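A.B. asks: Sequence:
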Amino acid sequence: MDEIDVVLPCLDEAAALPGVLGAMPTGYRPVVVDNGSRDGSAGIARRLGAEVVHEPRPGYGAAVHAGIERARSEVVCVLDADGSLDPGELPALVALLDGADLAVGRRVPVAGSWPWHARAGNALLAALLRRRGLPVRDIAPVRAFRRRDLLALGVADRAFGYPLELLLRANAAGWRVVERDVRYGPRAAGTRSKVSGSVRGTARAVRDMAAVLR
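Reading the sequence shown from the start, the letters are residues 1 to 214 in the UniProt record's numbering.
Since the hints were derived computationally from the structure, they do not count as laboratory data. A hint or two may mislead.
What the hints assert, rightly or not - Restraint-style ranges between C-beta atoms, simulated for each label pair: (1) Arg207 <-> Pro186: 33 to 43 angstroms; (2) Arg47 <-> Gly99: 36 to 46 angstroms; (3) Asp181 <-> Gly22: 20 to 30 angstroms; (4) Pro135 <-> Arg46: 39 to 49 angstroms; (5) Asp181 <-> Gly40: 18 to 28 angstroms.
Because the structure is a prediction, the values reported are computed rather than measured. Ideal placement from N, C-alpha and C gives every residue a C-beta, glycine not left out.
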């Protein structure tokens with residue numbers, strides 16, 4: 001099997017990167033996109049053998065897009081760098097591309113790992129997507145796809161609305177989108193979520209995502 005690039009958007013995840021990069025499956029090459037970290041994340045990633053991309057424009061979507069542009073493999077994965085998701089789940093997601101265009105992880109949370117406000121915001125947005133004919137239960141932070149096809153969708157959001165716009169554009173393009181359960185655990189100690197770590201962060205993410213529904 002050819003190597004598969006794994007894009008890891010990263011903002012101050014120094015404490016999580018050793019565990020995440022150490023758990024990367026054989027044949028999966030990490031591309032850490034540093035989005036303005038101040039905790040030495042980029043240096044840690046580089047020392048651990050990851051390719052590092054610097055994306056000065058703030059925003060989750062900006063980091064993900066920069067990583068996908070840098071990726072070289074036909075199939076690409078995106079995974080959060082905070083330690084909440086197991087890179088070992090990626091091969092099962094990639095296998096789903098045999099019959100699908102986009103494979104996304106549906107988070108199954110460990111107790112205490114997904115605050116109520118983040119779960120509620122996610123459920124609301126997923127319900128709005130189902131009304132539009134896309135049968136998903138999660139606006140998931142882990143996904144697998146074919147690089148060239150995804151870039152052709154023209155996803156424009158560069159903030160937290162990126163994953164929602166991706167799903168909307170995939171649906172409009174007639175893509176087959178499939179979900180698979182993935183374990184969602186607590187973030188690595190010493191890191192803090194920019195979204196679910198506070199009600200304010202969740203509200204900002206929901207606002208960004210709601211904007212792409214208009």
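A.B. asks: So, against the hints stated earlier in the document, which numbers end up violated here?
C.D. replies: Hints 1, 5 are the ones this structure does not satisfy, whereas the remaining hints hold.
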